[in-house]
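Residue numbers (our numbering), protein chains in the order written: chain A, 11 to 482; chain B, 11 to 482.
Just so you know, the hints here were simulated from the structure itself, not pulled from any lab data. Treat the hints with care, since some could be wrong.
One copy or two, either will do: identical chains are not told apart, so a pair holds if it fits within one copy or between any two.
[Unchecked claim] Once the Cα atoms are required to be at most 16 angstroms apart in a straight line, the calculated EDC-like pairs of lysine to aspartate or glutamate come out as:
#1 K281 with E164
#2 K17 with E164
#3 K285 with E21
#4 K29 with D105
Number of protein chains: 2
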Amino acid sequence: MHVVSVKEALEGKVEVGSKVEVRGWVRTRRDSKAGISFIHVTDGSCQAPIQAVAPNTLGNYQNEVLHLTTGASLIVRGTLVQSQGKGQAFEIQADEVVVLGLVDDPETYPLQPKQHTAEFLREQAHLRPRSNSFGAITRIRHAAAMAIHRFFTEQGFVWVNTPIVTASDAEGAGQMFRVSTLDALKPPRTPEGGVDFGQDFFRKEAYLTVSGQLNVEAYCMAMSKVYTFGPTFRAENSNTTRHLAEFWMIEPEIAFANLSDDAELAEAFLKAIFKAVLNERRDDLAFLDSTVGKGIVTQGGLIARLEAFVQSSFERVDYTDAIEMLKKSKKKFEFAPEWGNDLQTEHERFLAEEHIGRPVVVMNYPEQIKAFYMRMNDDGKTVAAMDVLAPGIGEIIGGSQREERLDMLDARMRKMNLEPEHYGWYRDLRRYGSVPHAGFGLGFERLLVYICGLGNIRDAIPYPRVPGWAQF
Amino acid sequence: MHVVSVKEALEGKVEVGSKVEVRGWVRTRRDSKAGISFIHVTDGSCQAPIQAVAPNTLGNYQNEVLHLTTGASLIVRGTLVQSQGKGQAFEIQADEVVVLGLVDDPETYPLQPKQHTAEFLREQAHLRPRSNSFGAITRIRHAAAMAIHRFFTEQGFVWVNTPIVTASDAEGAGQMFRVSTLDALKPPRTPEGGVDFGQDFFRKEAYLTVSGQLNVEAYCMAMSKVYTFGPTFRAENSNTTRHLAEFWMIEPEIAFANLSDDAELAEAFLKAIFKAVLNERRDDLAFLDSTVGKGIVTQGGLIARLEAFVQSSFERVDYTDAIEMLKKSKKKFEFAPEWGNDLQTEHERFLAEEHIGRPVVVMNYPEQIKAFYMRMNDDGKTVAAMDVLAPGIGEIIGGSQREERLDMLDARMRKMNLEPEHYGWYRDLRRYGSVPHAGFGLGFERLLVYICGLGNIRDAIPYPRVPGWAQF
Numbered sequence: 011m012h013v014v015s016v017k018e019a020l021e022g023k024v025e026v027g028s029k030v031e032v033r034g035w036v037r038t039r040r041d042s043k044a045g046i047s048f049i050h051v052t053d054g055s056c057q058a059p060i061q062a063v064a065p066n067t068l069g070n071y072q073n074e075v076l077h078l079t080t081g082a083s084l085i086v087r088g089t090l091v092q093s094q095g096k097g098q099a100f101e102i103q104a105d106e107v108v109v110l111g112l113v114d115d116p117e118t119y120p121l122q123p124k125q126h127t128a129e130f131l132r133e134q135a136h137l138r139p140r141s142n143s144f145g146a147i148t149r150i151r152h153a154a155a156m157a158i159h160r161f162f163t164e165q166g167f168v169w170v171n172t173p174i175v176t177a178s179d180a181e182g183a184g185q186m187f188r189v190s191t192l193d194a195l196k197p198p199r200t201p202e203g204g205v206d207f208g209q210d211f212f213r214k215e216a217y218l219t220v221s222g223q224l225n226v227e228a229y230c231m232a233m234s235k236v237y238t239f240g241p242t243f244r245a246e247n248s249n250t251t252r253h254l255a256e257f258w259m260i261e262p263e264i265a266f267a268n269l270s271d272d273a274e275l276a277e278a279f280l281k282a283i284f285k286a287v288l289n290e291r292r293d294d295l296a297f298l299d300s301t302v303g304k305g306i307v308t309q310g311g312l313i314a315r316l317e318a319f320v321q322s323s324f325e326r327v328d329y330t331d332a333i334e335m336l337k338k339s340k341k342k343f344e345f346a347p348e349w350g351n352d353l354q355t356e357h358e359r360f361l362a363e364e365h366i367g368r369p370v371v372v373m374n375y376p377e378q379i380k381a382f383y384m385r386m387n388d389d390g391k392t393v394a395a396m397d398v399l400a401p402g403i404g405e406i407i408g409g410s411q412r413e414e415r416l417d418m419l420d421a422r423m424r425k426m427n428l429e430p431e432h433y434g435w436y437r438d439l440r441r442y443g444s445v446p447h448a449g450f451g452l453g454f455e456r457l458l459v460y461i462c463g464l465g466n467i468r469d470a471i472p473y474p475r476v477p478g479w480a481q482f
Numbered sequence: 011m012h013v014v015s016v017k018e019a020l021e022g023k024v025e026v027g028s029k030v031e032v033r034g035w036v037r038t039r040r041d042s043k044a045g046i047s048f049i050h051v052t053d054g055s056c057q058a059p060i061q062a063v064a065p066n067t068l069g070n071y072q073n074e075v076l077h078l079t080t081g082a083s084l085i086v087r088g089t090l091v092q093s094q095g096k097g098q099a100f101e102i103q104a105d106e107v108v109v110l111g112l113v114d115d116p117e118t119y120p121l122q123p124k125q126h127t128a129e130f131l132r133e134q135a136h137l138r139p140r141s142n143s144f145g146a147i148t149r150i151r152h153a154a155a156m157a158i159h160r161f162f163t164e165q166g167f168v169w170v171n172t173p174i175v176t177a178s179d180a181e182g183a184g185q186m187f188r189v190s191t192l193d194a195l196k197p198p199r200t201p202e203g204g205v206d207f208g209q210d211f212f213r214k215e216a217y218l219t220v221s222g223q224l225n226v227e228a229y230c231m232a233m234s235k236v237y238t239f240g241p242t243f244r245a246e247n248s249n250t251t252r253h254l255a256e257f258w259m260i261e262p263e264i265a266f267a268n269l270s271d272d273a274e275l276a277e278a279f280l281k282a283i284f285k286a287v288l289n290e291r292r293d294d295l296a297f298l299d300s301t302v303g304k305g306i307v308t309q310g311g312l313i314a315r316l317e318a319f320v321q322s323s324f325e326r327v328d329y330t331d332a333i334e335m336l337k338k339s340k341k342k343f344e345f346a347p348e349w350g351n352d353l354q355t356e357h358e359r360f361l362a363e364e365h366i367g368r369p370v371v372v373m374n375y376p377e378q379i380k381a382f383y384m385r386m387n388d389d390g391k392t393v394a395a396m397d398v399l400a401p402g403i404g405e406i407i408g409g410s411q412r413e414e415r416l417d418m419l420d421a422r423m424r425k426m427n428l429e430p431e432h433y434g435w436y437r438d439l440r441r442y443g444s445v446p447h448a449g450f451g452l453g454f455e456r457l458l459v460y461i462c463g464l465g466n467i468r469d470a471i472p473y474p475r476v477p478g479w480a481q482f
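Start from the sequences and build out the full structure, keeping to the hints where you can.
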């Protein structure tokens, strides 16, 4: 007896006629009048279930098989045969069906064999991976994550996990969560009457990180090619379809590199991940294409959109030129494009979808709208920043060449009312063998929203935070 | 001109006589009386530096090359040749040395070309990856992390990132950090005078996770084979050489599995990771063997210890038998072994190192010392828990078969004064197609302590939290 996953059984790699054992959960059960039950069994290894054909000659047919409902767990032992019906190529002629666990009160079991709304499933976070759509998203998330690690490893990058709890606010990138073990009601006080964080666990006020970039730069200055891939946090209103308070971020950083190298890396990166998912999770993409994919018909659906992306060559446009393009267009924008303002999603999507029609890298933004660590260009007005815009979503990656010149960094910090002495170690990197370097960051869940065609970023993370789900 | 990493240049895969460009940092510079400088250049891609031979005929020889000190950054262009000296097989005859960044005040540059203490380097967290030892640890950490993802992926596991911020305390596994955006000094109050966490970001009191296990069990009940690999937190005294407040944990969970399957998975897992590191980072292990490895000569050093581990077959011992072995031994223990008490590190090491002499899985512990979710054995006294003990460190993995029977789970919860109704979704998993399942957990940094032979777990994490390093 050969224990196989549903995926292995369906792949045609198991010899037809051999005895196999499959373990999983019932997706559906259908009984023929001739006294045969057709049980679709899934184990999470792939989108399709395998059909087990259970004859009424089985000893437990009346007492157990006929009581199997969606979600019940079982072991099927039998012969792998070519399927007579349409759909799957293989099925199992069952010699034995071992029922492991039934479903209490099948009528109220939340995961009925029908299409549920995403809202409903979010409140069933512990059960939703059993649904076709979240099974697909879970496998795609895995394939994408592995493709990310593989892409970087093959190119000689080193994964660095930067601190989650930190005393630095990185770039003032967003509102932060405080991390503390002090008594919440009666915290110890300083003589001046403030909270005495000197008595807290870390002996100072500490937060959840908003970005690992500054920390990973130090590793870049030693290992040359590094990346983070870990959780980051923003305590901003996350009650939208586009924001998460807790999300995973990917931040590569390369030494001996300028903004053009950075754009090249971003293009190679996105294409490699999309290719991997297209190759490895075609079944799940096809399923999503048949459901959520209907929402993006203008782009030909999910698979067509990813394939077009992979085959495109990215356009590079200067921010200043992009503003001109927007101004010259006849498009009515909610926000009028203006040099010195950041691009809005409507501008980004117009550029990528209509004006240029493929992914665009907008480069060299006005310094006043960009972070202190971005490298000042020779024009004295713009910095070497970039955003990668994708058709159908807008900005998907943001990056920059970093300011590697200590005097320029200090000048920019002072201009932005930052205290250089608070950044001692970061400044050290510019004092000790400084090199040109660049990097970018992207949210993993935002990437999955694009890959899976999701309408709400909560569906890209295993456990969404919704009021209905008590323990998150 | 072919831009290559130091690793590529030294591997013998670049044609001898070809023009190459290497970019990196100076490890050392030595000048011959004949007017030639030998510069050892490192870029983090491997342990060994490459030697660049710079003749005094270079235009910038006097003004720049002779001012290169440890830590300065440069680009070397020249011809890859076979090395005349001992040590490396290849070196670069430089046509050009471009100095990118010198070192401010080389006398006080913290990373002098000598062996520093680990204590000193911890206070130079942003620079220590430039040292030989932390370069090695950083690369080994990467190789081990990738081997972990690869091991699971090849076996059909799916990576699940469970929530970092959570309202559940998992298993009462340890002291937790509170996560909040409330005013620390004057938090809002409830009518009863407590802190009104209903006004906090998550509308309830929230913490940093101590384990993803309970959450990942839900995914196990849908995908069959899953694992977490992410940060976890314990607000315990971490001022020891064995504890970290923030560390990365690996937690696989398998469905249709019992404790024996779990032990098998643990054995295959550890061997696969050690094999990968032995294959991929032999250079770094050899370096560490020549320094920290001296501390474990009784086990033949670092590489010998890992090789012995990989070649051993694990012994399985019942907890009750292990207690008997300890009692019968003539060894003087600080803590007398007694049925009903947990094993101490001295007991674990005696078993693995002296009594049995190879890795040991101790199985079936008394229920009173183990968590509520572990499966009750038929004897009514022990639960299906296991610890994997490794020679030289003691416990390295802890795991269990989970209680999949709802009535048994409820009974055990009540015995331990836990409220079943607080675990609604966890109990649901036992109501809807429950299956036998098992899993284990291990700390990634603890694994690295073992692989790298470290004396302090702070050296296994990229950014140690030490008072000397202001921003963690």
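Hint check results:
1. K281 with E164: within (15 angstroms within a copy, 23 angstroms between copies)
2. K17 with E164: Between copies only: 13 angstroms across, 27 angstroms inside.
3. K285 with E21: neither (21 angstroms within a copy, 30 angstroms between copies)
4. K29 with D105: This pair counts as within: shortest intra-copy Cα distance 9 angstroms, inter-copy 68 angstroms.
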